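J.: Residue-level listing of the chains:
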Amino acid sequence: MNSLYQKVSPAYSQAVAETECAADLRIPSARITRIKAALFAAPYSICLERPKLLARFQRSAAGRAARKEHPLVRRALALAFVLSQRTPRIYPDELIIGNMTSKRIAANYYPEGGSINILEDLFRLEKRTIPLKLTGKEKLDLALIGLTTCRDSMGARALLKPGRFGHFLDFFSAKRYFITEEAGIGHQVADYHGLVHRGLKWMDAWAANCLENCRLQNGKSLDEDQRAFYRAIRITIEGIRKMAANLARTAEKQAADPALADPRRQELLTAAAACRRVPYEPARTFLEGLQSCWLVHVALNQEDFEQGMSFGRLDQILWPLYCEDQAQGRLTPATAAEITASFQLKTCETMPIYSERIDQYFSGNGVAQGITVGGTDADGNDVTNALSGLILEAYAQIATREPALHVRVHPATPAWFLEKAVEVLQLGCGKPSFFGDTAVVPALENAGMTTTHARDYAVIGCVEMASQGRTYNSSDAALFNLPLCLELALNQGVCYGEKHFNNRLGAATPAVEQMRSFDDVAAAFRQQVEHAVAEMVKVIGWLEATYRIWRPTPINSMLTDGCLAQGRDVTWGGARYDLTSIQVTGLADTGDALYALRQLVFETRRYTLPELVRILKNDFRDHAVLQQELVHKFPKYGNGIPAVDAMTQLAADVFADAVRAHLNSRKGRYVPGIYSMTCHIGFGRRTGALPNGRRAGKRLSNGLSPADGADRQGPTAILRSAASLDSRKWANCHALNLKFDRRTVQGKSGARVLSSLLTSFFRQGGMQVQINVLDGAMLRAAKSDPKAYPGIVVRVAGYCAYFNDLQPAVQDEIIERTSHGMES
Amino acid sequence: MAWNRKKDEETAVIFSIQHFCLQDGPGIRSLIFFKGCPLRCVWCQNPESWRMDPEPAFKAHLCMNCRTCIAACPGGVLLQPDRRKKDQCRRCFTCVHACPCGAQSRFGELHSTDSILKELRPEYPYFRDSGGGVTFSGGEATLSAAFAADIAERLKAEGVHLTLETCGQFSLDTETATDGDPLVQRLLMAMDLILYDIKLFDDETHQRYCGGSNQRIKANLAALARSGGQKSRPLVWPRLPIIPGITDTWDNLGSWADFLMDLGLKHITIVPYHRLGNAKRAWLGLAPGPEFTEPSPEALQAITRFLEQKGLNCYTPGEEEWRN
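Chains as they are written, first to last, in our numbering: chain A, 1 to 824; chain B, 1001 to 1324.
If you're looking for bench data, these hints aren't it; they were derived computationally from the structure. Treat the hints with care, since some could be wrong.
[To be verified] Chain A stretches covered by chain B per the calculated footprint, using a threshold of three residues with CB under 8 Å from any CB of chain B:
{"hint": "1", "region": "710 to 718"}
{"hint": "2", "region": "743 to 750"}
{"hint": "3", "region": "754 to 763"}
Since this is a predicted model, take the numbers as computed values, not measurements. Glycine residues also receive a C-beta, built at the ideal position from the N, C-alpha and C atoms.
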């Protein structure tokens, strides 16, 4: 694990970088266009192969025998069976092979996770916002699988027990928190560097060695669990090898078809040869490297679930292979870009399985398979290379929802690279997102990582953090409704709507009549947050215990530093860095609410606290004037006003401290993150009125973004507010959204604006920002429903303005203009 | 009524400070909008900039009709939220303070140089990384020359790139470009870039559409052009609004092009007309201005070609390549 990056002579990298910058690799080849068209034409579906294979295994003699085995071995045998029995499918034109599911685009059904929720939509699958296509027979199968396996989910196993049933019901009416860990842990950046350069052979040999000597590497003798762990490793590696061999055989069979054109035959044979070698053996070429990553990615998806399974720093991992191929004259940048684009298109074959009810919390249909590019080595030197740019350019060829792309920015990030990233941004897919090493690295050190390892961070999924290949981060364990804790603090732990005080949800904090100062309010708020976090940690603890028995993850473990050395699965605490992350929703709303409350009650003394609470309980119904005043006239987070931003910091600190006070059941740390998926909508529906003027049921602020319509000073002020906050406790990072219309940021001048915004933000200590370039369709939606789309900056004749501030006629014109921009 | 106490050099009426502006000079800029303008162009998009003093405005689309403003008005001059006895209004702005939803609003706040610097300083990093700075806009900043010069010099001392947007209607000794109003002179010389608005070449037409003669505008431009380009002198960059049927005649464009070429000015930005100003007139209780059609992309292309044939480099706002 030590010498991570093979040294390549700087002069050579420079030469490669220059030739790369000259060629335009953003234009898709005919092949890439065809694959993309085929993917776009494919309907979304659900793949039932995995649950069927699992059921077949349970019924088989081997499966019955496995029941007597150690849970780790039992799981490994089932996984190996699934991997080796899956039907291989190779699609036309693709250079990287290996099907994610049995269909072109489908969600895997995970009986162990929350897939059963889809049964809610069983009778209207085609009529959903995101329609799913299943035959009648498949629907029947789906219902059958759902019913026969309904007690196999982690949630059911952990919570359908006396005294825990109420927590099970929480999944159906998430209010204080949403425990996503029930569905799966996923969210991993496995050690793809070790995989590509050493192969699974290395892990297999380690396990074999320990089993043979009955000792750990450090000489201690193995206990029963450790023996089971190493056996599980060897069993699953065998399963992966069979899956690769099946693919190779299918490719060879297809290649034997005499009707096939010669170039395609050659491609299939190359792919087959690669699958005969990797992932067991180390990769020798760039293509083998990507093929190796892809096969293990598929296996990881079969093992756990689909969310946030990420590739890490592919530009660093594949760089030596890329250089070697170029030096041998067997790879041109254009071919490398085509292979990379084909690889990235493979990520479009998967999707999550959410019922429409769940979708309000996690809308967008993404699974976020992250690729991180740019950044530094262990000493802090820039390691951006030609491949960093090429990966971005390959994405420009496809411009699809997956994969998620992440760019690391640090003081020595080369200008050409930032420009290239900004050009991809201008395509309007909201990618890449940007991360500031200056803020991220200290936050990771603060979570216990060494500087060397913190500098080797890669992004999990959307924004979450790992030191790649060394971290087991249940990075999306739960989402937390912070404003609700303020509601509970102002009502003795009871939600505003509740008629009976024995329906207490939170802690029994004092009545508002007894609160004499703002500090009393803050103390009650803190107590509510601590109470809710403790509840959540308790439930997650039950789930963790269930995972250890029913859903251990040997593939993940062999690719996470620490597990092989300790002989322990990641779910048993084997990883070098073990984290559980909780994300906060409604942060800006909470900060603004605290600020307004202090002003109204304790500074200007316009209302007593009980009066204000009565108004909030009544959702401002007889106080519309006050509500408007709070919305329009009170200062808010996101405008660069230190006094208000300090309240958002206070809210963030209360949450971070409450989270960081806990350890998970693997003795790993709890860390906070600041993002909300779309939980700010779901939670918002169940949260009462807030003192910042937000009415009951309205959506909450998302991530680190200002509350809806609260930013009045434009994007630089938002960035200033965000960068001014102390992010050292936020080891799971944050999501900050900026939105522009296409014209504000198009062309060379637009690119300059964007890259200088990014440079300034990160220089000021910014941690993360994602920039959306909006199209005409979205602006049309914004016009018909302005409240749903606040804060869109558009370029009017002589200046930029908020879209919602414009007259309808002007809005129409901008929509028209933006749409034109898209066609050209 | 703080605004009409005796003005000293320390204060001016500013109606807005806007950050993240991309089309008023290079890079990311903050604009200071000064109140007061000597011209009254019929197509003006910023009618709130005309008068020197703060004035009330009513944004009907924000009003929730709570009538708080009417109850609050001490003089009883507010009859309806959108109707006031104009001549009796003492401009105390009590209605604006009382209004909960921002419908009753005020254009123009008295600012000191310190209060402006305090608002601008946090933006410096964005100026630096984008090559941007501060633009004095309006209205017409030269009407508040004492204040503007003061703040310009303080910003300059802090290394900020400065741009002035001017209509050219100010007092300057046209022979040497060094005398005239010494305050205007100080202001101009503190600038790095002057975006100089030109509209109609024919004086009579200019008086008809812009409410004033263009004699001084031309003379000032000539004087600045003669001294421009020298070291420590601002770059002078003409801008011409394209108002269909008024400023876009070949005659007008040709005359200006010849005039600029004679002065040795080689660049021009054409600013297409936009309808946005009309809503603001309603807020201020002014009669709606004339509606023009917006120039088509084809028309703009033709104008660009025409000006470039005359030898000028022609740009649209935000796309300029800033150089001599």
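J.: For every hint, state whether the structure bears it out.
T.: Now for the hints, and whether the structure bears them out:
1. 710 to 718: n = 5 at 8 Å, threshold three: holds.
2. 743 to 750: holds (count 3)
3. 754 to 763: It holds: at least three residues are needed, and the region 754 to 763 of chain A offers 5 whose Cβ sits within less than 8 Å of chain B.
When held up to the earlier numbered hints, the structure conflicts with none and fits them all.
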